[in-house]
Amino acid sequence: MMESDPQTAAELLHEWFGSILHLADEALFGIVPEGPHRDAVVLDVLKRNARILSEGELDNEGKLYSPLCYFLAAACRTLRISLGAGHWRAAVDNLVHLQQQTAGARAESARVGLEIGSPAALFKQEFDEAIHQAAIAGGVSYLNRENRQVALGLAINWGMRLLLAYAVDCRGSSTGTGLKDLGWVANVVGPILHSPSRAQ
Amino acid sequence: MTKDLARYRQLESRLWMTRWRHEGQESAEEDAILDEMEDAWMNLIEEDRALLRLEGPRCWPMDPSSLPPGLAGTLYSSAPTAWAYEGFHSPAEAILSADAA
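Taken in sequence, the protein lines are chains S and V. The first sequence begins at 11 in my numbering and counts up one residue at a time. The second sequence begins at 2 in my numbering and counts up one residue at a time.
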């Protein structure tokens with residue numbers, strides 16, 4: 011069990027995502043040298059994984075982990091954006107707040123016969139809509155190019171939160187010693203969600 | 002659009018309306034317009050003629066598939082209104098960061 015400090019978690023996640031980016035650069039995008047061909051590979055990875063995620067449903071087995079990581083890596087690369095610890099801190103805080111809100115709203119929503127869904131489900135809805143509007147998973151977007159890029163930025167924003175919420179939901183798919191996989195992400199975020207000081 | 006083609010288009014519209022008023026039946030008014038169109042046709046450059054030949058007959062209001070000239074060209078040309086995510090100056094701004102707070 012790790013510490014339940016959000017700032018420490020954010021720094022750990024930032025470091026972890028750095029290794030994801032490095033891996034993607036080396037093994038995925040690096041099949042061709044820098045230039046238009048590499049840009050095309052990045053775009054292919056982005057679109058392929060956006061499609062997989064858009065068509066995929068939330069599960070408890072971690073099937074969306076790889077596409078989500080590849081998507082985030084390709085999207086950051088496409089927009090030339092670096093995610094810092096501050097971005098991960100905001101994502102962690104967002105998840106903590108949303109979990110509290112949904113827990114509070116659950117009974118109320120049941121009374122009016124509505125299912126509001128888990129934080130992962132809510133984040134996935136936003137993520138799906140953002141990639142749809144970015145026109146990278148098929149379909150038509152009415153946004154111009156500039157705004158499609160904003161939509162891609164939003165997809166990164168929601169994708170980070172989805173990843174954290176999804177990891178917590180998949181807990182039990184576990185991790186081996188020394189691995190930094192989905193189970194590890196859950197171990198980083200989980201204690202913060204279950205910390206008594208944050209459950210008020 | 003050339004001046005002569007614009008005139009021909011006007012005549013097409015008039016012909017369509019005339020035929021519509023007479024419920025597709027021949028009329029003296031129609032004959033006069035057809036004469037004018039023949040005249041106008043002679044003045045058209047070859048590119049305009051080729052364009053009109055490609056379009057085929059378009060002045061038959063009693064044919065459900067025929068739209069008034071002018072309307073046919075614009076019916077599908079209006080693009081859907083674009084919308085935008087408001088308040089973002091760049092994609093980076095769409096990703097929330099605790100550092101910016």
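These are computed hints drawn from the structure, not numbers from a lab. Fair warning: there could be bad hints in the mix.
What the hints assert, rightly or not - Going by beta-carbon spacing under 7 angstroms, a handful of chain V positions derived as facing chain S:
| id | residue |
| --- | --- |
| 1 | Leu53 |
| 2 | Gly57 |
| 3 | Trp84 |
| 4 | Tyr86 |
| 5 | Gly88 |
| 6 | Phe89 |
| 7 | Ala93 |
What the hints assert, rightly or not - Listed below are several chain S residues computed to face chain V (Cβ distance under 10 angstroms; list not exhaustive):
| id | residue |
| --- | --- |
| 8 | Asp15 |
| 9 | Tyr75 |
| 10 | Trp98 |
| 11 | Asn104 |
| 12 | Val106 |
| 13 | Leu108 |
| 14 | Val122 |
| 15 | Ala140 |
| 16 | His142 |
| 17 | Ala145 |
| 18 | Gly148 |
| 19 | Asn154 |
| 20 | Asn157 |
| 21 | Val160 |
| 22 | Leu164 |
| 23 | Met170 |
Each residue gets a CB set at the ideal place from its N, CA and C atoms; glycine is no exception.
Evaluation of the provided hints:
1. Leu53: Constraint on leucine 53 of chain V not satisfied, violated at 33 angstroms.
2. Gly57: Interface hint status for glycine 57 of chain V: violated (30 angstroms vs cutoff 7 angstroms).
3. Trp84: Constraint on tryptophan 84 of chain V satisfied, holds at 6 angstroms.
4. Tyr86: holds, 5 angstroms
5. Gly88: It is violated, given that the least Cβ distance between glycine 88 of chain V and chain S is near 9 angstroms, above 7 angstroms.
6. Phe89: Since chain S brings a Cβ to about 5 angstroms from phenylalanine 89 of chain V, closer than 7 angstroms, the hint holds.
7. Ala93: holds, 5 angstroms
8. Asp15: violated, 13 angstroms
9. Tyr75: Violated - the Cβ of tyrosine 75 of chain S stays beyond 10 angstroms from chain V, reaching only about 20 angstroms at its closest.
10. Trp98: Hint holds; tryptophan 98 of chain S Cβ to chain V Cβ min 8 angstroms, cut 10 angstroms.
11. Asn104: holds, 7 angstroms
12. Val106: Since chain V brings no Cβ nearer than about 12 angstroms to valine 106 of chain S, farther than 10 angstroms, the hint is violated.
13. Leu108: violated, 13 angstroms
14. Val122: This interface hint is violated because 30 angstroms lies over the 10 angstroms limit.
15. Ala140: Because about 9 angstroms separates alanine 140 of chain S from the closest Cβ in chain V, which is inside the 10 angstroms limit, the hint holds.
16. His142: At 13 angstroms from the nearest chain V Cβ, histidine 142 of chain S fails the 10 angstroms test, so the hint is violated.
17. Ala145: violated, 12 angstroms
18. Gly148: violated, 17 angstroms
19. Asn154: holds, 6 angstroms
20. Asn157: holds, 5 angstroms
21. Val160: Holds - the Cβ of valine 160 of chain S comes within 10 angstroms of chain V, reaching about 5 angstroms at its closest.
22. Leu164: holds, 4 angstroms
23. Met170: holds, 8 angstroms
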